[in-house]
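Residue numbers (this note's numbering), protein chains in the order written: chain A, 832 to 933; chain B, 64 to 181; chain C, 483 to 961.
It is worth saying that the hints were derived from the structure and are not from the lab.
Glycine included, C-beta positions come from ideal geometry on N, C-alpha and C.
Worth double-checking, as some hints may not be accurate.
[Claimed, not checked] Cross-link-like lysine-lysine pairs, in silico, BS3-like; alpha carbons within 27 Å at most:
| # | chain 1 | residue 1 | chain 2 | residue 2 |
| --- | --- | --- | --- | --- |
| 1 | B | K175 | C | K515 |
| 2 | C | K512 | B | K175 |
| 3 | C | K512 | B | K174 |
[Claimed, not checked] Just a few of them, taken from the derived set where beta-carbon distance is under 10 Å, the chain C residues facing chain A:
| # | residue |
| --- | --- |
| 4 | A633 |
| 5 | L657 |
| 6 | G660 |
[As the list claims (entries may be wrong)] Some chain C residues close to chain A (C-beta under 7 Å, calculated; not the full set):
| # | residue |
| --- | --- |
| 7 | S634 |
| 8 | E635 |
| 9 | A637 |
| 10 | M638 |
| 11 | F641 |
| 12 | A645 |
| 13 | L652 |
| 14 | Y659 |
| 15 | G663 |
| 16 | D711 |
| 17 | D714 |
| 18 | G715 |
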Amino acid sequence: MAIGLTHYLVLGAILFSLGLYTVLTRRNAISVLMGVELILNSANINYVAFSHFSSGNVDGQIYAIFVIMLAAAEAAVGLAIVLAIFQLFHTIDVGAVETLKE
Amino acid sequence: MTHPFFPVLVLFFFAGSVVLALLLIAQMVGPKRPNPVKDEPFESGNPPKGDARIRFPVKFYLVAMLFLIFDLEGVFLYPWAVLFRRLGIFGLVEMGIFLTVVVVGFVYAWKKGALDWE
Amino acid sequence: METNLAPLLPSAEVVLTALSVLLLDLFIRKDEKGLLVWISLIGLALAGGMALFLWGSHEGAFQDSILLDDFALFFTELFLGAAAITILSSVHYVRETNIHEGEFYALVLLSTFGMILMAAANDLILFFLGLETMSIGVYILTGMWRERSQASEAAMKYFLIGAFATGFLLYGIALIYGAAGSTHLGRIASALGQTKSHGSIILSAGVFLLFVGLAFKVAAVPFHFWVPDVYDGAPTPVSAFMAVAVKAAAFAGWARIFLYQLSPLQSEWTLPLKALAILTMTVGNLLAISQSSVKRMLAYSSIAHAGYLLIALVAGGESGGQALLFYLLSYAAMTFGAFGVLIALKEGENDHEAYSDFAGLGFKRPFLGMAMSLFMLSLAGFPPLAGFTGKFYLFRSAVVAGHIDLAIIGALNSLLSVVYYLRVIVMMYMEEGGAEGKPFARAPYLYLAIAIAVLGTVYLGVLPAPALDLSRISFISLH
Chain A
832 MAIGLTHYLV LGAILFSLGL YTVLTRRNAI SVLMGVELIL NSANINYVAF SHFSSGNVDG
892 QIYAIFVIML AAAEAAVGLA IVLAIFQLFH TIDVGAVETL KE
Chain B
64 MTHPFFPVLV LFFFAGSVVL ALLLIAQMVG PKRPNPVKDE PFESGNPPKG DARIRFPVKF
124 YLVAMLFLIF DLEGVFLYPW AVLFRRLGIF GLVEMGIFLT VVVVGFVYAW KKGALDWE
Chain C
483 METNLAPLLP SAEVVLTALS VLLLDLFIRK DEKGLLVWIS LIGLALAGGM ALFLWGSHEG
543 AFQDSILLDD FALFFTELFL GAAAITILSS VHYVRETNIH EGEFYALVLL STFGMILMAA
603 ANDLILFFLG LETMSIGVYI LTGMWRERSQ ASEAAMKYFL IGAFATGFLL YGIALIYGAA
663 GSTHLGRIAS ALGQTKSHGS IILSAGVFLL FVGLAFKVAA VPFHFWVPDV YDGAPTPVSA
723 FMAVAVKAAA FAGWARIFLY QLSPLQSEWT LPLKALAILT MTVGNLLAIS QSSVKRMLAY
783 SSIAHAGYLL IALVAGGESG GQALLFYLLS YAAMTFGAFG VLIALKEGEN DHEAYSDFAG
843 LGFKRPFLGM AMSLFMLSLA GFPPLAGFTG KFYLFRSAVV AGHIDLAIIG ALNSLLSVVY
903 YLRVIVMMYM EEGGAEGKPF ARAPYLYLAI AIAVLGTVYL GVLPAPALDL SRISFISLH
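Generate the whole structure from the sequences, applying the supplied hints.
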């Protein structure tokens, strides 16, 4: 059986679900960040797959590079914020950091 | 077809059931027979030495972040370099602008002392 | 390769200013930092001048993936103004809180650049890049007050939720790209016309994810839960910037993508959008009533106002678009003003954000008291202020489009909102012993910002005709 567009899309969808699962269940800020990265990369797989199989142009592959770049910038900012959180709260548990309440 | 958003529902049902299935399978199928050897972080046979959760100096994170950013800026140079002749002067100027922005970031990091180890 | 670079001028100017501020900050002494304020403001003014110069030109760059039509220019001016007012009202705030000045202004400018890109983008991927440029800047701005734990907490929440929404948006765009073969809005629209059956599953899923991602960004209920904490924890000028500019940018994208290019699908998303609007208004207003902090109340009120703005998106068409743009203008003036007064109450370590801190303000600082009363009345929708005119046109557009129920719910909601807005005024004039507020001499920039907001609120309320015309022309230029 030849590997076609569908396979890539299913792979992307599975990766997306895994990312979603990570974001929704993890309490560690770094793990949540990793879940977000999974979601971004699942989109990347879709871009490259669509670009190769269906759209007939290379735009999608360029977008994938953009997204990788963005993910890096986001990860850098995210790590900096998590670092600041750790210095202040001595934990990076998302649930434990609760000072803002009505 | 039914409602046009029906497939979306199917997609979400699929996503949800994958998550549920994974959880359930792990709960049901996975045998739980813990013993001290199994609970070790590395099952390589070597007795673990010290704690894996040692604290790294925060400087490493800073270096890692800077590396991440500047390393990935490099990605954009490759397509440009491959098509250097075809893009001509326009591409050169555009890449010059891009590099200027990157260099401003670099100068900023340098002057702020992010590159000093001590 | 011939490329028309004129449409890039305003945004390039903003980036240039940001980079100069960032670089200059490294080389000047601490007591010279006032210079940075002026450079930022002059840069914004120059960019504004360029945008004005380009008015009506309707030019595109890079195969029309950036389209500087009047719609984009209207929002460009709005964002530039919002950035200028944010900078004016934060000059004293950043000094009091030891926030790094240079980075603060540079980040405001860079997020403004992202917003301009969002409004001008005629290509989903470019829209996404603009959104991320804006968001990353605002994430950092939120957490810039490093000593304050709430600020870092707010930054983390905002970041994690924002990044999550980004993932949805990106995945949605990927699916649309797959279904339409392009991310260019024009080509998506023509692909929509041809293939109705093929790829429509993927397309619907993509549009749905895009919808959810944008709903996160405009903080529509049920995607609103992060707003109160984030606005509460962030430095107050940043909260104002988020409430006005970030929201406006998201609405700009929403209007361009959904009201114009994806309008063939309108029948499919009208119902969910209507539900979203009703929920957002009602929940925002109901939760705002029970707050004891004015800053949190303003956060919930911004949710409610997002609900009002969604009415315009449901209504659509020319009247809906006009109402949307005009209401964003009025909303910007009154929200900046309200947050500005809140900044004026801050003294050293004390934020003075509770209702009780407003007690007696009307007598101690007559200008602040008057201004705050004006903003509250306008937010509640009393004539003849900007908020009333804006709401009038919003509800009218709903009636024109046949959504009378929506207009009625909206009107009932603004009645409900009177409760908590008037509470501030009652506090200011009928109670005693609250915070002192800054005298004019200590914060001239801040007073300038508040005065501009007062003028805007009154002007848009009393003489709405020019601004309404402007909104209509801008919206029409989309077609």
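Results for each hint:
1. B/K175 to C/K515: With a Cα-Cα distance of about 16 Å, the restraint between B/K175 and C/K515 holds, given a limit of 27 Å.
2. C/K512 to B/K175: Holds. C/K512 to B/K175 sits at ~14 Å (cutoff 27 Å).
3. C/K512 to B/K174: holds, 15 Å
4. A633: holds, 9 Å
5. L657: At 7 Å from the nearest chain A Cβ, C/L657 passes the 10 Å test, so the hint holds.
6. G660: Holds, because the Cβ-Cβ distance from C/G660 to chain A comes to roughly 4 Å (cut-off 10 Å).
7. S634: holds, 5 Å
8. E635: holds, 5 Å
9. A637: It holds, given that the least Cβ distance between C/A637 and chain A is near 5 Å, below 7 Å.
10. M638: Given a least distance of 5 Å, the restraint on C/M638 holds.
11. F641: holds, 5 Å
12. A645: It holds, given that the least Cβ distance between C/A645 and chain A is near 4 Å, below 7 Å.
13. L652: With a closest approach of 4 Å, the C/L652 hint holds.
14. Y659: holds, 6 Å
15. G663: holds, 4 Å
16. D711: Nearest chain A Cβ about 4 Å off; hint holds.
17. D714: Since chain A brings a Cβ to about 5 Å from C/D714, closer than 7 Å, the hint holds.
18. G715: holds, 5 Å
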